[in-house]
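**Student:** So the sequence shown is residues 684 to 1149, counted in my numbering.
Be aware that a few hints might be false.
List of simulated lysine-lysine pairs, DSS-like, C-alpha gap at most 30 Å [said to hold, decoys possible]:
#1 K1095 / K914
#2 K914 / K1025
#3 K914 / K928
#4 K825 / K967
#5 K914 / K956
#6 K1025 / K1139
#7 K784 / K706
#8 K914 / K967
#9 K1092 / K914
#10 K841 / K828
#11 K841 / K912
#12 K828 / K942
#13 K820 / K942
#14 K825 / K942
#15 K784 / K733
#16 K942 / K956
#17 K928 / K912
#18 K942 / K733
#19 K942 / K792
The set of hints was computed from the structure by calculation and includes no laboratory data.
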Amino acid sequence: MSELLFKVIIIGDATVGKTSFVKRYVNNHSGPGREYKPTVGVDFALKVIKYSDDTTIRLQLWDIAGQERFSSMTRVYYKGAAACVIMFDLTSQQTFNSTIKWKRDLDSKCTLPNGKTIPCILVGNKSDLSSTRPIEKEAIDKLCKENGFLGWTEMSVKEDVNVSETMEPPSFCPFIMGSWEGVEECTTEGMPKYNIKIGKCDGAVLIGDSANLTIGATQGKTGDDINYKAKSGYVLVINNYIFPKRPDGERHWSGEDVKGLKSLFDDFNFTTKIYDNLEQREIKGLLQDTSEKDFGRYDCFVCVILSHGSKDRIYGTDDISINIEAITSCFRRNECPSLEGKPKIFLIQACRGSQQDVLTIESDSEPIPRASSSLPADADFLICFASAPNHQSYRQPEIGSWFISAIVKVFKKYAEREHLMDMMLRVNDRVANYLGQMGQTSLKQIPCQVCMLRRKVFFNPTHNTP
């Protein structure tokens, strides 16, 4: 039995129904309805498909936020995608026009190893509102042909019309799968012919129309096992609060964050190590030493960094910065093999820029450097930022930072019954509802997550598989 894993990204403007589509397809319900809440950053889901008697496909669906403020993160979200679905609202000309922008953004940031674009289909939602649709089928045909889509289809998530048919054989999957025999010409109604060659390799999942492209079977547990084991964990906390070279000198109230985190992870029975006021070289040394540990007896790894920052960097107490990718890369499979297949969670309490989201009292910001970097795309990582790209994060007396305070409160209340990503959604909501004041300016904040997890993380042992 072969098991194949494909990352499929779902993109398009906000409100076109991406989240409802994923929920309908995976769980057979259309999601939030009137209680709609926009996706923050990215949500993910897993769909297991019996492709043939000897082949199972796991579709890892990445539901990517359509709001403009998350556009700077799309390169990270796209990385490693095997295929793409771009959605629009059949009753909205604007969302249809925007599909060109989304396709160009995708093609500029995510390509196959041979430089060609990844397979992409166009999907129009809300076909049940046919009486109000302004978009003619001829216009959709023309847009697909001119912009390199494999084809298009329409569906109604609300009425559950053509939802599963869009993603499963004989529609979408053949364009990814092709044939184990060699090159096979795949055709479906309403979609063009597309040749795909599939072979075997180790650790690669590559899709396309070149005879040199290959696809590899995944290793590990089956799609029926959707929980990580997380009964024990190792927590590394770096708390930088004294900055001698800065006029203010101190990140006030960071001690409240440390106190809350220590209490939280003690409740989980995790091992917690706390290091205060490290210079950049000391941070690098600590990370290197930690990555060389044997984590065999631990089920997960958590790294918390409390410091000043800017976009994708954090600062040592000597005001020399380190790239967040350099931090996370220490714990990739090759550098830290004892954490392979285990969740690696990074909580970054630091500003990511100097923009204020119009909230506290004090922020962790620094000017954004010109250099930019991308985050790692290795599996089993979750990087949680206190704020969206280019924005500040805030702290205040008695509670510490909004972000860490929200994590502690939410996790303590819901960890017995909810998994990590559901709790992070609650954290986002709690922080977004905080209100601070700086002079006459009201200040707000929204956290952001970059998720490469493959399964659900439950910290409560009763939820873990034996």
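**Student:** CA of K914 to CA of K956, is that 30 Å or under?
**Tutor:** Roughly 18 Å separates the two Cα atoms, so the pair holds.
**Student:** Taken at face value, is the distance from the CA of K914 to the CA of K1095 at most 30 Å?
**Tutor:** Between K1095 and K914 the Cα gap is close to 16 Å, so the pair holds against 30 Å.
**Student:** Given the hint that K942 pairs with K733, does the C-alpha gap stay at or below 30 Å?
**Tutor:** violated (48 Å)
**Student:** Do the alpha carbons of K1025 and K1139 lie within 30 Å of each other, as the hint requires?
**Tutor:** Cα-Cα ~11 Å, so holds.
**Student:** Need the status of pair K820, K942: alpha-carbon distance at most 30 Å?
**Tutor:** With Cα atoms ~60 Å apart, K820 and K942 exceed 30 Å; violated.
**Student:** Can you confirm whether the C-alpha distance between K841 and K912 stays at or below 30 Å?
**Tutor:** violated (35 Å)
**Student:** Please verify whether K828 and K942 have alpha carbons no more than 30 Å apart.
**Tutor:** Not satisfied, since the Cα-Cα distance of roughly 58 Å exceeds 30 Å.
**Student:** Given the hinted pair K841 and K828, is their Cα-Cα distance within 30 Å?
**Tutor:** holds (28 Å)
**Student:** Is the straight-line distance between the alpha-carbon of K784 and that of K706 30 Å or less?
**Tutor:** holds (25 Å)
**Student:** Sort out whether K967 lies within 30 Å of K914, counting only the CA atoms.
**Tutor:** holds (28 Å)
**Student:** Is the straight-line distance between the alpha-carbon of K914 and that of K1025 30 Å or less?
**Tutor:** Holds, at about 12 Å.
**Student:** When you check the alpha-carbon spacing of K784 and K733, does it fall within 30 Å?
**Tutor:** Roughly 34 Å between the alpha carbons, so the hint for K784 and K733 is violated.
In the structure shown, a violation is registered for the earlier hints numbered 3, 4, 11, 12, 13, 14, 15, 17, 18 and 19, in ascending order.
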